[in-house]
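**Student:** Protein chains in written order, with my numbering: chain Z, 1 to 157; chain E, 1 to 201.
If you are wondering where the hints come from, they were derived from the structure by calculation, not from laboratory data. On a predicted model such as this, the values are computed, not experimentally measured, just so you know. One or more hints might be untrue.
In silico EDC-like cross-links for lysine to aspartate or glutamate, where the CA-CA straight-line distance does not exceed 16 Å [said to hold, decoys possible]:
1) E:98 <-> E:51
2) E:177 <-> Z:74
3) E:161 <-> Z:20
4) E:177 <-> Z:23
5) E:177 <-> E:159
6) E:69 <-> Z:74
7) E:177 <-> E:192
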Amino acid sequence: MSEHEVVAAMLPLAPSGALDAQEQRRLEEHCRECAACRRELEIWSGYSQGLRQLPQPPIPAQLMERTRTRLVQEHAAAADRRWDEWMLGALALFAWTVGLTFWFVARIVTGGELVIMGANLVRFGTWSAGSTVMVWLTAAVAAIALGRRRRELRRAL
Amino acid sequence: MILAAAMNPEAFSGAQDAIVRMRRGDPDALTAVISRYQHRLYRYLLRLVREPAAADDLFQQTWLRVMEKIGRYDARRNFESWLFSVAHNLAVDAWRGKRGESLDETVDFGEAPDDRLHAGHPDALERLLDFERGAMLAACMQALPGIHREVLTLRYEEDMKLEEIAQVAGIPLSTVKSRLRRALEGLRAAMEARSPGRKGA
C-alpha cells in the first residue's frame with residue numbers, strides 16, 4: 001500500500017478528530033505535497049460540518065409529561081410489588097407462628113399424642129412437615145395471584 | 001446550543017447535582033434530568049430507529065430503565081455515556097424483537113422530494129440552501145445501516161469522543177473508527193448517487 005493510499009483511507013476520519021496524533025501528523029505531511037488529498041480533505045470537512053448541522057427533529061408533544069406519567073405509574077406499581085412481597089413474607093411468618101402455637105396447644109390438649117392413620121400428628125417432625133406443605137401451597141397460590149396482577153398492571157402501562 | 005449548555009461548568013455542576021438527587025429518589029431532580037437530556041436522547045433514538053413512534057416508546061422505556069438501575073450507576077462514570085448505553089441496549093433489544101430487521105440493515109428510500117424537484121438540473125446542488133443540503137444529508141443518513149447512523153449521530157450531533165461511543169455501543173475503539181469511516185464513505189456514496197456527476201457532493 002502506497003503512502004497516498006494509506007493517507008487516503010485516513011481522510012474521512014480527519015475532520016472529525018478521530019485520528020491519533022501520529023496519524024494526524026502523517027496526514028498533514030502528506031497533504032502538504034498532495035493536492036488531490038487536500039481536495040479530498042476539504043470535501044470530508046464539508047461532510048463533517050454538514051453532519052454537525054443536520055436539521056433537528058421536533059420532539060413529540062407532551063413527551064416529557066407522558067414519560068413522567070409512565071414513571072409515576074411504574075413507581076406506584078413497583079411500590080405495590082414491594083408491598084406484595086413484604087406481605088407474602090409477613091404472611092408466611094404469621095403462618096409459621098400460628099402453626100407453632102397450635103402445635104403447643106395441641107400437645108397440651110392431647111397430652112402429646114394425636115394418632116390419625118397411624119401417624120402421631122403432634123410429633124414435632126410430622127407437625128412441621130404438614131405445616132411446611134400448607135405454607136408452601138398457600139404461598140404458591142398467593143404468588144400466582146400476585147403474578148397475574150403484575151402482568152395485568154404491565155399490560156395497563 | 002445543546003453543546004454550549006453541556007460545556008457550561010455551572011450547567012454541568014447543576015446536572016451532576018440533579019443526578020445525585022435523582023439517585024436519592026427526588027422526583028424534581030428526575031424532571032430536571034429528563035428535561036436536560038430529552039432532546040438529545042430523543043434525537044439519538046430517532047436516528048437509530050427512524051420511526052417517531054418507536055423512538056417515543058424507547059425514550060420512555062429508557063427513563064424507566066434508568067430509574068430501575070440508577071442505584072447501580074457508578075457516579076464516577078460519565079452519566080451521558082451511561083444513559084445512551086441504556087438507550088442503545090433497549091433499541092438493540094427492540095430490533096431483535098422485530099423479525100427480519102437488524103442494525104446492519106440498509107434502506108432504500110427511493111427518490112427523495114429534493115431529487116424530484118431538481119431532477120435534470122446539473123447545477124441543482126449549487127442552488128441548494130444549507131437547510132436543503134442538511135435535509136439531503138439527513139435523508140441519505142437514514143438509508144445507512146443503524147450501526148452507521150449511530151456512530152454518526154453520537155460523533156457529530158452528540159459530540160462524543162470515540163471512547164465514549166465505544167462505551168455506549170459496547171464495542172472496541174478500533175471498531176468505532178472503522179464503523180465511522182464506513183459510515184462516512186456510505187454517506188458520501190449516497191450523496192453522490194443522488195447528485196450524479198457531482199463528485200464530493
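**Student:** All hints are to be evaluated individually against the structure, with a verdict given for each.
**Tutor:** Now the hints, each set against the structure:
For the proposed pair residue 98 of chain E and residue 51 of chain E, the alpha carbon gap of about 13 Å is at most 16 Å, so the pair holds. Proposed proximity of residue 177 of chain E and residue 74 of chain Z is contradicted: the alpha carbons are some 39 Å apart, above 16 Å. Between the alpha carbons of residue 161 of chain E and residue 20 of chain Z the distance comes to roughly 12 Å, so the proposed pair stays at or under 16 Å and holds. For the given pair, residue 177 of chain E sits about 13 Å from residue 23 of chain Z by alpha-carbon distance, which is consistent with the 16 Å threshold.
Our distance criterion of 16 Å between C-alpha atoms is met by residue 177 of chain E and residue 159 of chain E, whose separation comes to about 15 Å. The suggested pairing of residue 69 of chain E with residue 74 of chain Z holds, with an alpha-carbon distance near 14 Å, which does not exceed 16 Å. With a C-alpha separation of about 23 Å, the suggested pairing of residue 177 of chain E with residue 192 of chain E is violated against the 16 Å cut-off.
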